[in-house]
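Novice: The chain contents come next:
2 protein chains.
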Amino acid sequence: MLNFKHDIPTKLYFGEGQIKKLASSLERFGKNVLLVYGGGSIKKIGLYDEVIKILKENNFNITECDGVDPNPRITTVERGVRLCKEHDINVVLAVGGGSTIDCAKAIAVGRYYEGKDLWEMVKTSWHLAKALPLVDILTLSATGSEFDAGGVITNMDTNEKLGAVYTYPSVSICDPTYTFSVSKYQTAAGSADIMSHIFECYFSRTMDSDLSDGIAETVLKSVMKNCKIALKDPTNYSARANLMADASVACSGIPGYGKQETGWPCHAMEHELSAYYDITHGVGLAILTIRWMRHILNKDVTATERFVKFAKNVMGLSGDDERALAFAGIDALENYFKETGIPMTLTELGIDDKYFEAMAAHANVDGYLKDAFVALTNEDIVEIYKACL
Amino acid sequence: MLNFKHDIPTKLYFGEGQIKKLASSLERFGKNVLLVYGGGSIKKIGLYDEVIKILKENNFNITECDGVDPNPRITTVERGVRLCKEHDINVVLAVGGGSTIDCAKAIAVGRYYEGKDLWEMVKTSWHLAKALPLVDILTLSATGSEFDAGGVITNMDTNEKLGAVYTYPSVSICDPTYTFSVSKYQTAAGSADIMSHIFECYFSRTMDSDLSDGIAETVLKSVMKNCKIALKDPTNYSARANLMADASVACSGIPGYGKQETGWPCHAMEHELSAYYDITHGVGLAILTIRWMRHILNKDVTATERFVKFAKNVMGLSGDDERALAFAGIDALENYFKETGIPMTLTELGIDDKYFEAMAAHANVDGYLKDAFVALTNEDIVEIYKACL
Chain A
1 MLNFKHDIPT
11 KLYFGEGQIK
21 KLASSLERFG
31 KNVLLVYGGG
41 SIKKIGLYDE
51 VIKILKENNF
61 NITECDGVDP
71 NPRITTVERG
81 VRLCKEHDIN
91 VVLAVGGGST
101 IDCAKAIAVG
111 RYYEGKDLWE
121 MVKTSWHLAK
131 ALPLVDILTL
141 SATGSEFDAG
151 GVITNMDTNE
161 KLGAVYTYPS
171 VSICDPTYTF
181 SVSKYQTAAG
191 SADIMSHIFE
201 CYFSRTMDSD
211 LSDGIAETVL
221 KSVMKNCKIA
231 LKDPTNYSAR
241 ANLMADASVA
251 CSGIPGYGKQ
261 ETGWPCHAME
271 HELSAYYDIT
281 HGVGLAILTI
291 RWMRHILNKD
301 VTATERFVKF
311 AKNVMGLSGD
321 DERALAFAGI
331 DALENYFKET
341 GIPMTLTELG
351 IDDKYFEAMA
361 AHANVDGYLK
371 DAFVALTNED
381 IVEIYKACL
Chain B
1 MLNFKHDIPT
11 KLYFGEGQIK
21 KLASSLERFG
31 KNVLLVYGGG
41 SIKKIGLYDE
51 VIKILKENNF
61 NITECDGVDP
71 NPRITTVERG
81 VRLCKEHDIN
91 VVLAVGGGST
101 IDCAKAIAVG
111 RYYEGKDLWE
121 MVKTSWHLAK
131 ALPLVDILTL
141 SATGSEFDAG
151 GVITNMDTNE
161 KLGAVYTYPS
171 VSICDPTYTF
181 SVSKYQTAAG
191 SADIMSHIFE
201 CYFSRTMDSD
211 LSDGIAETVL
221 KSVMKNCKIA
231 LKDPTNYSAR
241 ANLMADASVA
251 CSGIPGYGKQ
261 ETGWPCHAME
271 HELSAYYDIT
281 HGVGLAILTI
291 RWMRHILNKD
301 VTATERFVKF
311 AKNVMGLSGD
321 DERALAFAGI
331 DALENYFKET
341 GIPMTLTELG
351 IDDKYFEAMA
361 AHANVDGYLK
371 DAFVALTNED
381 IVEIYKACL
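Chains A and B, in that order, are what the protein sequence lines are. For reference, each letter of the first sequence is one residue, going 1 to 389 in the UniProt record's numbering. For reference, each letter of the second sequence is one residue, going 1 to 389 in the UniProt record's numbering.
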């Protein structure tokens, strides 16, 4: 087991009705609130009205920053930072899914960024000490942004989607009932995102971190079980609650404690797809994950042991032929993704091979993925992209 | 899944050599340090000298509070609080196992207690807001005190051992190499303590908290595997590291998230044993756990489902007869405890039935254990104690 640091200051209020904690969570930071949200979904479920009512009843001054896109744009961050400065904002309140929270994190840090170009901040300033405090109300079980410090921002002008470490939320309000209306497509895509966060840690060369591996396997099994229930019965509280808890843990860093870093290869490859084609992150991840798994298992026989562990402990398979068992685990995972109804090829998303080489070069800049579970060259990445067609 | 709050502010530095973080962890609180420790074990392994060297090199003023007993006494807490006031202490540094950290927590909170009788504080003031900051260096994988807010203090005059919520450590330094010299007996007893923290949450009426249950099962399997390795090979880093991580998670509250509270029946019963006879906490827990399990499974057939889950997922058993499988899981656990070499009867510890009724009455004061997984009356508790002879 390798050394690690656990340092997550976020307070989670988890469960139905936890919005009762909103006013007291904001209060200690001040009265001027920047309310960050996306499109109409929080209005459709009545959450927007509820939040406004609570804020007004408690005499907060509200400035709105709406229209955050699913892959949040640097232009929205720029707008949010301007609003923070103009309205002397004390605390940022994000209401929405991971994109909204990511955008709010970049705004919270951007408020104190001393440079002129906020895209430069995203590209270079991964650990910025000073940020506005952030409170969020989660409405989608997927990215885990409610329980980590990371955020991903897209620049459509430069075709770049970059992950950066921004700031932890002070408080996250996680009420599973806010996810009852999430569509089947987004439920399945969000679940694939949760699982990918686990895969990126689970497939590592460190074999003796029993607790991390057990948590990882637990989350994977729970997501597959509860996603299926939620797809059939969208207002099943237990299923939605389990998915929400899984999402928060999956991206917290905890499933990777004590394990060798992998560079998160599927995320690196997917960010290129989203940057070029603005696709749904979780769908891109599911498509890539299966091909990445088969590619590395074919490339490196020493990967077999970990895939056998996955096949047995997560997919519930058994068998004497280890190589066959390893591949069978991947097949079973592909079947699960298919059953959830998400597209499983890039062709279905209207993507061809036009930019694969440029995307591979950017995903692997400076040989970034040489330290992955199985090292990836640009050629490997292009092959993986092609297998996704 | 029930509502829960996650709010653990402790920063963990985990792994070999993390003592390098000691000076910076203390520095921000001030220069006057109360060093709390037990007997000779930290001197024997050279840790005392190392700590003193670091503190002196960094110009801290050291006041020592040594001689903390395995079941820490209110008299030591009183002495520590006096030292804090006399020496204008800024931060408490605990170096040792759970007893030392528990005692240090009580001192940290006691520093600001306004009453005159610190035992009154233990008995009544479970949530005290103000405390001196606390940093600890852990030397035993057992209580999880390094990652929770609780502490247990004993009053030998009144035969009382009481758990109270005190304060979270600011920083815990968890270096598995400090546990290399822990005896076989203490390794096994500590492992039983870790497992008991899990059992107290795992055996609950909430059946749909998949993540909590998966983490619980993971910790139990990891402890059984790694305790056996550590007993054979005490300096096996991987085994010691897994045990240390398991200990921190087990008592953190996380394995109980979303689950109905149980009142921790085995701890309630064991605290009476320790208070009357000053036995090793983990040993008392192991002895009680087996009899408690059999008693409640006999008493309440609806407990079967959970015991079957335990038998299958933790003990790796299978079978069609659910009642038989449930009891077989308990037998397998008893065999595991026996293999680790700890006494499995109270008679071996020189305990007879003299105080069983008084202990039962105190453990179950105001019908405290009526909300346990299976409700316990005073008569149930006496029967469980008797089965331990």
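Please note that the accuracy of each hint is not assured.
One copy or two, either will do: identical chains are not told apart, so a pair holds if it fits within one copy or between any two.
What the hints assert, rightly or not - Once the Cα atoms are required to be at most 25 Å apart in a straight line, the calculated SDA-like pairs of lysine to any residue come out as: (1) Lys309 - Asn236; (2) Lys43 - Gly350; (3) Lys312 - Ala328; (4) Lys56 - Ser24; (5) Lys184 - Gly115; (6) Lys5 - Tyr277; (7) Lys228 - Asn313; (8) Lys116 - Leu317; (9) Lys85 - Asn298; (10) Lys225 - Asn59; (11) Lys312 - Asp208; (12) Lys225 - Ser318; (13) Lys21 - Asn378; (14) Lys221 - Gly316; (15) Lys31 - Asn378; (16) Lys370 - Leu317; (17) Lys43 - Met224; (18) Lys232 - Asp208; (19) Lys5 - Tyr237.
Because the hints were derived from the structure by calculation, they are not lab data.
Novice: Which hint numbers does the structure go against, in order from smallest to largest?
Specialist: Hints 2, 5, 6, 8, 9, 10, 13, 15, 16, 17 not satisfied by this model.
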